[in-house]
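Using the sequences and the hints, build the whole thing.
Number of protein chains: 2
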Amino acid sequence: MKYLLGIDIGATKLALALGDGQGRPLVRWRRPTETTGCARDDVSRLLADCRRLLAEAGASIGELGAIGVSVPGPMSSERGLVLRPPNMPGWEEVPLASWLSDEFGCPVGLENDANAAALAEWRVGAGRGLSHLVFLTMSTGVGAGLVLDGRLYRGAGDFAGEVGHIPVVWEGESCACGRRGCLEAYVGGAAWTRRLQRVVPEQSRVLTLAGGHERVTPEHVVAAAREGDAFALAEMDRFNGLLARGIVSLAFLLAPQAVILGTIVAAAGEELCLAPLRQKVGARLWPVVGRQLQILPAALGSELPYRAALCVAKEQESAVSGNP
Amino acid sequence: MKYLLGIDIGATKLALALGDGQGRPLVRWRRPTETTGCARDDVSRLLADCRRLLAEAGASIGELGAIGVSVPGPMSSERGLVLRPPNMPGWEEVPLASWLSDEFGCPVGLENDANAAALAEWRVGAGRGLSHLVFLTMSTGVGAGLVLDGRLYRGAGDFAGEVGHIPVVWEGESCACGRRGCLEAYVGGAAWTRRLQRVVPEQSRVLTLAGGHERVTPEHVVAAAREGDAFALAEMDRFNGLLARGIVSLAFLLAPQAVILGTIVAAAGEELCLAPLRQKVGARLWPVVGRQLQILPAALGSELPYRAALCVAKEQESAVSGNP
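Chains as they are written, first to last, in the working numbering: chain A, 1 to 324; chain B, 325 to 648.
No lab work stands behind these hints, which were simulated from the structure alone. Heads up, a few of these hints could be off.
As the list claims (entries may be wrong) - Cβ pair distances, simulated, as ranges: (1) G269(A) with R348(B): 50 to 60 Å; (2) D344(B) with A275(A): 55 to 65 Å; (3) E271(A) with R522(B): 43 to 53 Å; (4) S463(B) with Q203(A): 52 to 62 Å; (5) R291(A) with R522(B): 31 to 41 Å.
As the list claims (entries may be wrong) - Selected chain A positions facing chain B (in silico; Cβ < 10 Å): (6) G21; (7) P74; (8) R151; (9) Y153; (10) R154; (11) G155; (12) A156; (13) F159; (14) V168; (15) W170; (16) R180.
Unchecked claim - A few chain B residues that don't get close to chain A, going by computed Cβ distances all over 12 Å: (17) H456; (18) G570; (19) A591; (20) G593; (21) S642.
From a predicted model like this one, the values you see are computed outputs, not experimental measurements. Beta carbons: idealized from backbone N, C-alpha and C, even for Gly.
Below, the structure written as structure tokens:
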């Protein structure tokens, strides 16, 4: 029997999973990402972690069918390189795929995190059976993975899916990317948190739940909105309205069958987020485009990092073996 | 030797071309589209035109390798149906592909006009050799054909590429589609013409060239801008700025290698349009995305309808024969 190994290198957490030949996780393990400033040292530690995971599962290196890695961008899936992710000091053009294949002697696939997550939601999550879907990652920043015509679309230089930087308010709020009015400057977790800490009023339930301005996060807005807090409900409405603008642009351009939304949207749920989003997007799209578009919550939750990396491994194995 | 037959059904003109096996036009013919309100009658006339073109070229029906048709949307490429184009009364779910294959006994491919044009600019025009490109049609309306990963991307229900309806000014000008602030409501030929007829000032050279408010078109703006007219230059700047917004959105989403622009942009040329567009788009994109994006004028000019339909025929023949 062949195993698959999935490695998800997140901004804060590193997740490993050993999966069966279908990419179902058998053993999971994670730790803080903790970069040292030297990519070789970071990767040496990662390789040791992988070997330990294999040993604990009683699997030998020779039984590995493929390895899949989900990494932050910018990166090159074609060349298997991690270029220079903002949160990983010392990582510059790291040939992670070849270092891993040298160590473990099997094919290695590398995808950026949004693409890996889109693959997972498509293969085993909310988008199963569809041909055209957009998965929106909405954590600190906002990105997307695109599955078009039944395969991942990466664009030139793996830069497709930067939905977070579609302008939704021309010359609007400053974005972390240096531009203005980007979707991410409104609905990205970091930007929304900064705004909330500035604008939350004294009498809002949000402030009580958070225990101080500097502690307010979008999660407190969701919780307070559930209790009917007026400020929190207005913030959710603003969030939904701006997110709808981004979805309208991508829907007219790509005519996907589904937009799948993770993190804050999935957590906020039907009433606070998904239903109002569907209404706002539907009001702005043509009916014929809107009718074929589902707006869905991500299905994989905390399993996502493991499933994402394992799906990359599975795709890589299929590509090499020629079996779907 | 096998011939290919291309049929381009435009809003105002119908163009036919008999091509060689590579899709190079050998004989061209065109006439006004002139619909009668009865699709069967319209198609009977079209079939007669096709037979006459074959006869004039000394080609027999048996020598036809494939037929390609470019039609206005909405349509279904998969089912070979013309659904109900706004400018073709009486056309409703017309099975044009099967009517043509019944008549001529060869494979028939049907594409919407933007997709057919994108195919042609990709195969034999400005986008030769690229893998990811967007062709923007800018006539009465604004649409796009998307070539992604070296193949046409049509989206669910053939609705991908409706770039003209990406919002560029939220709650802005009314669009012919019933929504507000669409790109087409600013840079589409019909919308721009309506605006110009309303706002052109008495002293502008545009008015002299056009010979009256009700005769002003974008072409007069281009001509007057070439002569340095202040109003015309300001209009070109506004046009370029709004078009840049649409291009920025699609570039962040798709990371194409090229955006290819037809009609008014190609006619206005480098100085008035392409150079300022590149500057405005470049200023708003990330450098790493902008560096890989070329903004190019369409190369096929008045040959486009013939080449577009013949490229659809060629794709269809390749798909059926399995030879690229």
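Against the structure, the hints:
1. G269(A) with R348(B): 50 to 60 Å: At 58 Å between Cβs, range holds.
2. D344(B) with A275(A): 55 to 65 Å: Holds, since D344(B) and A275(A) (Cβ atoms, about 57 Å apart) stay within the stated range.
3. E271(A) with R522(B): 43 to 53 Å: 45 Å, holds
4. S463(B) with Q203(A): 52 to 62 Å: 56 Å, holds
5. R291(A) with R522(B): 31 to 41 Å: 35 Å, holds
6. G21: 27 Å, violated
7. P74: Since the shortest Cβ distance to chain B is 7 Å, the answer is holds.
8. R151: Cβ of R151(A) sits 7 Å from chain B, so the hint holds.
9. Y153: 5 Å, holds
10. R154: 8 Å, holds
11. G155: Interface hint status for G155(A): holds (3 Å vs cutoff 10 Å).
12. A156: 5 Å, holds
13. F159: The hint holds - F159(A) has a Cβ within 10 Å of chain B, the shortest such distance being about 4 Å.
14. V168: 8 Å, holds
15. W170: 7 Å, holds
16. R180: Holds, because the Cβ-Cβ distance from R180(A) to chain B comes to roughly 9 Å (cut-off 10 Å).
17. H456: 6 Å, violated
18. G570: Nearest chain A Cβ is 9 Å from G570(B), so the label is violated.
19. A591: 25 Å, holds
20. G593: At roughly 26 Å from the nearest Cβ of chain A, G593(B) sits farther out than 12 Å, so the non-interface label holds.
21. S642: Its Cβ never comes within 12 Å of chain A, the nearest being 17 Å, so this holds.
Hint violations for this structure: numbers 6, 17, 18, all remaining hints satisfied.
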